[in-house]
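S.K.: So the sequence lines, in the order shown, correspond to chains A and B.
Positions 1 to 367 (the numbering used here) are the ones given, in order, by the first sequence.
Positions 368 to 628 (the numbering used here) are the ones given, in order, by the second sequence.
For the record, the hints were derived by calculation from the structure and aren't laboratory data.
A quick note: this is a predicted structure, and the numbers were derived from the prediction, not measured.
Heads up, some of the hints might be wrong.
What the hints assert, rightly or not - Short derived list, chain B residues pointing at chain A, Cβ under 8 Å:
hint, residue
1, Asn422
2, Tyr423
3, Asp448
4, Arg452
5, Leu476
Said to hold, decoys possible - Footprint (simulated), chain B over chain A, 3 or more residues, beta carbon under 8 Å:
hint, region
6, 237-248
7, 259-265
Idealized CB from N, CA, C, for every residue including glycine.
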Amino acid sequence: MFTAENLVNALSLGALYALIAVGYTMVYGIIKLINFAHGEIYMLGAFGALLAVDLGHGSANVLLAVVPAMLLCAAVGMSVDWTAYLPLRRRLPRADALSIALLALLGVGAIFYKLTGDSTHRWHAPAAHTAIGWSVLALVPVVILALALGEKAGLLGRSLGRVHSERLNALITAIGMSLILQTLAQLVWGAEPRAFPEAALPEFLSAPVPLGLPVTVLGKELLIWVTALAMMLGLHLLVSRTRMGMAMRACAMDQETAALMGVSVDRVIAFTFALGSAMAAVAGVLYAVKVGGGISYRMGYYPGLLAFAAAVLGGIGNIRGATLGGVLIGMVQGFTGGTFSAAFLVMILVLLVLPRGLLGEPQASRA
Amino acid sequence: MSDAPVLAVTKLRKQFGGVVAVKDVDFEVRRGSITALIGPNGAGKTTVFNLVTGNYEATAGSVSFTAPDGVAHALVGRRPDRIARLGIARTFQNIRLFGDVPTLDNVKLGLHSRTRAGVLAALLRLPAAREERDVRAAAYRYLDFVGLADKSHALARNLPYGEQRRLEIARALALAPSLLLLDEPAAGMNPQETADLMGLIRRIRDLGMTVLLIEHDMKLVMGISDHVVVLDHGEVIAAGTPGAVRADPAVVRAYLGNEEL
Numbered sequence: 001m002f003t004a005e006n007l008v009n010a011l012s013l014g015a016l017y018a019l020i021a022v023g024y025t026m027v028y029g030i031i032k033l034i035n036f037a038h039g040e041i042y043m044l045g046a047f048g049a050l051l052a053v054d055l056g057h058g059s060a061n062v063l064l065a066v067v068p069a070m071l072l073c074a075a076v077g078m079s080v081d082w083t084a085y086l087p088l089r090r091r092l093p094r095a096d097a098l099s100i101a102l103l104a105l106l107g108v109g110a111i112f113y114k115l116t117g118d119s120t121h122r123w124h125a126p127a128a129h130t131a132i133g134w135s136v137l138a139l140v141p142v143v144i145l146a147l148a149l150g151e152k153a154g155l156l157g158r159s160l161g162r163v164h165s166e167r168l169n170a171l172i173t174a175i176g177m178s179l180i181l182q183t184l185a186q187l188v189w190g191a192e193p194r195a196f197p198e199a200a201l202p203e204f205l206s207a208p209v210p211l212g213l214p215v216t217v218l219g220k221e222l223l224i225w226v227t228a229l230a231m232m233l234g235l236h237l238l239v240s241r242t243r244m245g246m247a248m249r250a251c252a253m254d255q256e257t258a259a260l261m262g263v264s265v266d267r268v269i270a271f272t273f274a275l276g277s278a279m280a281a282v283a284g285v286l287y288a289v290k291v292g293g294g295i296s297y298r299m300g301y302y303p304g305l306l307a308f309a310a311a312v313l314g315g316i317g318n319i320r321g322a323t324l325g326g327v328l329i330g331m332v333q334g335f336t337g338g339t340f341s342a343a344f345l346v347m348i349l350v351l352l353v354l355p356r357g358l359l360g361e362p363q364a365s366r367a
Numbered sequence: 368m369s370d371a372p373v374l375a376v377t378k379l380r381k382q383f384g385g386v387v388a389v390k391d392v393d394f395e396v397r398r399g400s401i402t403a404l405i406g407p408n409g410a411g412k413t414t415v416f417n418l419v420t421g422n423y424e425a426t427a428g429s430v431s432f433t434a435p436d437g438v439a440h441a442l443v444g445r446r447p448d449r450i451a452r453l454g455i456a457r458t459f460q461n462i463r464l465f466g467d468v469p470t471l472d473n474v475k476l477g478l479h480s481r482t483r484a485g486v487l488a489a490l491l492r493l494p495a496a497r498e499e500r501d502v503r504a505a506a507y508r509y510l511d512f513v514g515l516a517d518k519s520h521a522l523a524r525n526l527p528y529g530e531q532r533r534l535e536i537a538r539a540l541a542l543a544p545s546l547l548l549l550d551e552p553a554a555g556m557n558p559q560e561t562a563d564l565m566g567l568i569r570r571i572r573d574l575g576m577t578v579l580l581i582e583h584d585m586k587l588v589m590g591i592s593d594h595v596v597v598l599d600h601g602e603v604i605a606a607g608t609p610g611a612v613r614a615d616p617a618v619v620r621a622y623l624g625n626e627e628l
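Please construct the entire structure, taking both the sequences and the accompanying hints into account.
M.R.: Rendered as structure tokens:
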């Protein structure tokens, strides 16, 4: 329970959750969407680094591979926004069509999960997975084409447009995107968990750091703390001191007015996705380094949920809150031996007392 | 400078479902003028503003904006941020400041679009102390211009109503627009504040900007406008000099009703 070893572990987990949680909270702050695909971005970060290491043929080490992983995730994060969420925000005619397409995919994805065996063997049938996975993906263009044709023929659009509720559509779309990204990762990298090759891991990562503490701190733990601290500091400077940061804050306060001040809202949103995604990528790589493997298409699910809980716990939309929430959830996880229910229990208890989270501000009433 | 009107609105139409809010409206705003858009509540004035600034997309018709360099831009279908960057800034009927930040920061946001840096440049540049000083100095000048220099650190929402309206003007001016749209700038002001506001609007015009305003205060409208356009039920019912418009029977009917019939 409350041992020094657990504290070290808890701090590392907290740092990782914080890195993921800021992505949830920044996106929510600006477009009021819980981007449930964010956990998958974290997963793709680890895979991206693995890919870079593989391509580097032993000469690449993990610390360098973080950079391409961040770039990959920034690109994927923006693409997710452009393909899935932007059409919903803009109320384009094809928004309904895409939404339905993604819902259909969600359904197929659920069936796919159901079909692939019992719980013990679910993740050990790569061949069957690949076959079903490809057929799910093959459905994407078919469904989209069918809907596009339907729209051309005037069957969609107006009649469906009346019943839609935008926020909910975007949320379901996000869940669908999460499943799509998982499926894609599984197709590309298979179902078996992977690990970085030993050669890619610098030695200092697994060596104890002489900090003079009564507990052993390995290099990788220190790396996680230092990286997370530096990134949080950098994020703070970016948001508070740069023009882009000012534009982000303006968009979070009032998008319409920000646009009339010449702020390109779409660009700010794309940047926000890219930034949050790059931070999640770092967390994904660091996690794989920390546990010495576990790079799997499923790895984003629980950390994603926990980081979401952290963001809500801290007061969603508030970056410092997400950081605080991340550390808190990390503590709970570290000291309870990774009990998910404990983390959510803490979140629920905090929300009972502070419904807007630790640092959440009362909803600004717009004049 | 070009002789073409700053703004030429042609057959502009906006339908919300079955309601036609703006019905084939035509009018022009001459460069360097103060033009007023007036009419009873619900006449479609703010809708016209929203069509010009790109917040609404027109159902039909066109809006042409001629920049000071003489280049004409079609505004319909253009995004609000692009329109703002062309040089059209506005204020709102119901004040829309960033209330939880200081007044100076509100103005700094207006300055945001002035430097044309891309995402990457903005990212890489934690602005040098010098640039930050320049931006602050410029923001101060705008606050000073509207008479709020001593309120730079106050949170925008803590300002009295009249000062909030002036802060909105300062923020819009920070965009260095060639056309300024003011939506009921005198609403809720006492006579003294309104008189000050008239002076401010004249000074803005004297800087070379063109002003298009919506206003219910007839003293203000008749006192400073060069040209008045009257809307009723989404249609232009009269246009001309303040004196001509005031005498127009159609305008009198629109405002006073048609009880004699």
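S.K.: With chain A as the partner, please determine if leucine 476 of chain B meets the hint condition of a C-beta pair closer than 8 Å.
M.R.: holds, 5 Å
S.K.: Using the nearest Cβ pair, does asparagine 422 of chain B come within less than 8 Å of chain A?
M.R.: holds, 7 Å
S.K.: According to a criterion of three or more residues whose C-beta lies within less than 8 Å of a C-beta of chain B, is the region 259-265 of chain A covered?
M.R.: Satisfied; 7 residues make the cut.
S.K.: Three or more residues of the region 237-248 of chain A near chain B by CB distance under 8 Å?
M.R.: holds (count 8)
S.K.: Does arginine 452 of chain B hold up as a contact with chain A if the rule is Cβ-Cβ below 8 Å?
M.R.: holds, 5 Å
S.K.: Let me know if the C-beta of tyrosine 423 of chain B comes in closer than 8 Å to any C-beta of chain A, holds or violated.
M.R.: violated, 11 Å
S.K.: Return the status of the interface hint for aspartate 448 of chain B: holds when the least beta-carbon distance to chain A is below 8 Å, violated otherwise.
M.R.: Given a least distance of 5 Å, the restraint on aspartate 448 of chain B holds.
The structure does not agree with numbered hint 2 stated previously, though it agrees with all others.
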